[in-house]
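Chemist: Please model the complete structure; the sequences and the hints are all you need to start from.
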Amino acid sequence: MNGPEADSKAATQVAQPTAGEQGRKRTRFEDAIAVLALAVLVLLTLINVVVRYLTDQSFAETEEISIFLMVVLTMAGAAAAASRDRHMRIEYFLDTGSAARRRLLSLLSAYGTSAFFVFMTVLLGRFAWDEYHFGETTMALGLPRWWYSVWLPVLSAGIAWRSFTMARRVARGEQP
Amino acid sequence: MIGALLFVVFAVLLLAGVPIGVALGLGGAVAIALSNGDTQWWGLMAVPQNFHASVAKYPLLALPMFVLVGSIFDRSGVAQRMVTFAIAVVGRSPGTLPLVAILVAMVLGGISGSGPANAAAVGGVMIAAMSRAGYPPAFSASVIGAAAATDILIPPSIAFIIYSVAMPGASVPALFAAGMIPGVLAGIALIVPAVWLSRRHRMGASEAQMPRPPFWLSLRGALWGLAAPVLILGGMRAGWFTPTEAAVVAVVYGLFVGMVVHRTIGVRDLYDIFVDAAETSAVIMLVLGLAGIFAYAVSTLGIADPVVAFVTHLGMGSTATLILLFVVMTILGMFLDGVSIFLVFLPLLYPLMLHFKWDPVWFGVLLTMKIAIGQFTPPMAVNLMVACRLANVRMEETVPWVGWLLVSFIVAALLVLFFPELALWLPRSMGY
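Chains as they are written, first to last, in this note's numbering: chain A, 1 to 176; chain B, 1 to 432.
The set of hints was computed from the structure by calculation and includes no laboratory data.
Keep in mind that the hints are not guaranteed to be accurate.
Reference excerpt, derived from the structure (chain A facing chain B, CB under 7 Å, subset only) [as the list claims (entries may be wrong)]:
| id | residue |
| --- | --- |
| 1 | 35 |
| 2 | 49 |
| 3 | 67 |
| 4 | 127 |
Note that the Cβ used here is the ideal one computed from N, Cα and C, for glycine as well.
Modeler: This is how it looks when you write it as structure tokens:
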């Protein structure tokens, strides 16, 4: 199993306190987006608690912004995780067998992941287009839905790109 | 036919080492496309819709928040002070350090919601201390890996948040309350073999000569950390905050303690903590979103029905079926992480739960206990992996120790299976 919670590659190394220095520089951009989304989520929720206790007003319309930020956090973080090869997966068969088989499987997995997110990009693009086309608006704030959904294909393309560059590094025999 | 294909595609991709989320999403998309050949875009618009709907859920916000709480408290320096205080309370004699490690992991379980974060926090402090006292590192790693598994039972818990989002009829507060007694039970179940093993193998012999920290001084040091679970759990119980809000309050409190009181977190560390938490949350939530596609395919294709019919026609009673499930899922848990097991199997387990009239909250606690067991069962043991990394031992070396802890933990889980009131009494008496 790979992933931030179970990094078996690092299991043999000594303590690795942060998310891995090697991939940090490469993923500055999406890390910054994910961190910003997380920080704003904390602040929005906090403001909601404070406002609810100080005044009798509800500030709950911001819920839809929080939900949007959660999606951004997920997809931007997933792009960073793709670049650092930290998505959860079963590594048992990747770690056994001949070197040629291991290489084949990890290339298949890396390019396959990239192709899957290209596919998701197309579908999410259509999803956003539909929301634009039908002019739907959100329940709480009355904003056009596509203002939110237009970012989904962009973020998905980011995951596809990061998976692709990771796959290329695997192909070249570099450390992912 | 398409149903079988769905699982075959998923299983082949998974075994080939493709990320779990991708295996789920692709398996689901293939099944959807094959069964909607005549509709526009082969019905594939259900893919982005279900992906988006599975992540864009307000109650899910508690997940990244509690992940962040875990990252903050991991580095806030409260673990060290709690250990000192616990030693001051229980004293210095052979076998007390493992006891201290388990107790501190349980108290931290009342702050953080994830096992690996707990293992990192406790292991970072305890492994060196236990080595100095003469405990073998493999034993220390086993105790800490197992003790951290109580974290997802003792509220707050990320596993319960995910279960609640995926399972109708089980609210987060009810699950949190239901996990309390089983979590403490599991902790006690670990203390017994841990202390017995250290006495039997005469480990920690030099511990008795070590100084005992002064009680009042160490209490003062530990107070900030000890107040955190009171704030989080008490705040939720008193109705001050929802689980999400409690997590945010804990974030602020943890940052205050780490940056101002104990001064273990600098402004520069802050960004790293957020990157860490963002990545951990993203990895879990991506699987969650893509599993939504898989779950949609499972439910619209009616795949669950024949499976449920097969199991119910085995003619086993409710308890026997539960034990069978327990065995199957423990084996799966050795290779697949708990969150993925929840998400892959809940669409199948839900109709089974309805058929046998299992209480959804109790069932959630049982499944979570099973996941907790998986967190320290080699070879795919997330908590044990963290503890082994900190102790610088290979996971194989823990096998002679961890087996005893496993057996004891399983006994605790069986108690909850045979006496559902252990889980259900507290949420009922609290009125959830």
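Chemist: Could you run down the list of hints and mark each one as holding or not?
Modeler: How the hints compare with the structure:
no. : hint : in the structure
1   : 35   : holds, 4 Å
2   : 49   : holds, 5 Å
3   : 67   : holds, 5 Å
4   : 127  : holds, 4 Å
Hint check: no violations occur; every hint is consistent with the structure.
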